[in-house]
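Each step along the sequence shown adds one to the number in the working numbering, with nothing skipped, and position 21 is 21.
Take the hints with a grain of salt, since some may be wrong.
PhoX-like cross-link-like pairs, simulated, lysine-lysine; straight-line CA separation at most 25 Å [as the list claims (entries may be wrong)]:
no., residue 1, residue 2
1, K75, K222
2, K197, K165
3, K347, K366
4, K239, K284
5, K58, K29
Simulated DEER-style distance windows between Cβ atoms [unchecked claim]:
no., residue 1, residue 2, range
6, S324, P199, 39 to 47 Å
7, K222, S324, 18 to 26 Å
8, E88, D312, 41 to 49 Å
Calculated from the structure, these hints are not laboratory results. Glycine included, every Cβ here is placed at the ideal spot set by N, Cα and C.
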Amino acid sequence: MMKRTLLCLLPLLAAAGVLAQAPVFKWNKLPVRGLLMSVPARQDVPMFCDFVRNVLPKEGVNTLAVRIEYMYQFKSHPELAEKNALSESDIKQIVKACRDAGIRLIPTMNLMAHQSEQTEMGPLLKQYPQLDESPDYNPPVPWKNGGMFDFYSKSLCPRHPDLLKILFPLMDELVEVCEADALHVGLDEVWIIGYDKCPRCGGADRSEIFAEYVNALHAHLKQKGVEMWMWSDRLIDGKTTNLLAWQASMNDTHRAIDRIPKDIVITDWKYESAPPTPAYFALKGFNVLASACSRTDVALAQLDQVLAARKDGTRADFALPVASRMQGVLETMWINSREFIDAYHGKGQYRALAKDNADTFKALFKAVREADGKAASR
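Whenever a hint applies, use it, and build me the whole structure from the sequences.
Here it is, written out as structure tokens:
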């Protein structure tokens with residue numbers, strides 16, 4: 001009887017404006033149209049800001065992730081700032097440029113692996129060597145002498161009692177100075193985890209260690225009202241997929257995917273091919289961004305996957321949550337920002353890699369704009 005009464009009332013409630021109309025799902029309009037850039041050198045900040053204001057909006061970019069890492073003069077830990085690190089004033093120029101362009105700014109930093117480059121230690125392990133997960137393991141040429149899937153770069157010990165005391169103030173500072181509502185915490189290419197000789201991690205389940213650490217970072221950011229972004233590769237089984245150690249995990253961290261919060265945004269980088277991993281994350285309940293680099297064919301194949309999943313999701317209401325989790329793209333580049341900008345404009349000196357990167361960016365965002373021009377169907 002109650003059900004029949006409610007059904008009779010629905011038209012009246014709708015007419016009275018009590019029931020709001022569900023928003024139309026526009027499969028072809030990507031919520032996130034992102035670009036990842038390196039933080040500029042201090043002398044290049046004006047050029048960088050000009051690029052943000054005058055180029056990125058025309059390309060359709062609405063999100064800019066900037067790899068700041070330790071290229072900032074931290075007040076909480078000034079000893080960690082790289083040489084020629086940007087000042088607060090420098091960062092604020094970038095913040096203003098993004099605001100002027102209507103672009104969301106997301107600072108990024110590596111909070112587990114990538115704490116060394118070749119044999120050179122990064123700032124964190126230079127200043128706090130006790131945070132090294134494997135202090136006795138330091139081959140001169142890591143990816144050769146350390147074994148194909150054993151060593152790529154130094155990692156932090158996620159269970160060291162001093163680690164989060166240092167990281168949390170750094171994270172908070174970057175979020176604050178960038179006036180950001182999200183932080184990309186990295187977490188890619190973690191080849192050293194659960195090291196046998198680590199008194200805290202040795203012998204433990206690596207997926208449990210990884211999930212525990214992800215959850216700690218997430219809980220801190222969530223408490224501050226900040227969204228957490230991270231790379232995808234440690235959450236993919238490299239053996240089953242044959243994606244191996246860079247684009248996926250060969251040390252069993254992939255099982256952490258079922259132990260971490262679903263409101264983390266996954267940036268799914270795939271540079272050599274376009275396996276259907278974005279859909280895997282969407283099915284698992286995560287918002288995901290397909291992330292290409294310098295191969296145009298890969299970037300366009302990823303975009304096709306995202307658009308197809310979003311379009312197919314309009315055929316049935318139960319599929320919409322999965323379709324809507326395919327949030328868009330994050331084009332990435334790992335070169336100097338000046339070189340990327342010069343390659344984009346076709347002036348100055350730049351390598352072939354920079355041209356490939358700039359060309360891929362242009363082609364991808366041209367395709368995104370073309371998709372956006374199509375009539376939405378639902």
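Q.
To test your reading of the hints: which numbers does this structure violate?
A. The structure breaks none of the hints.
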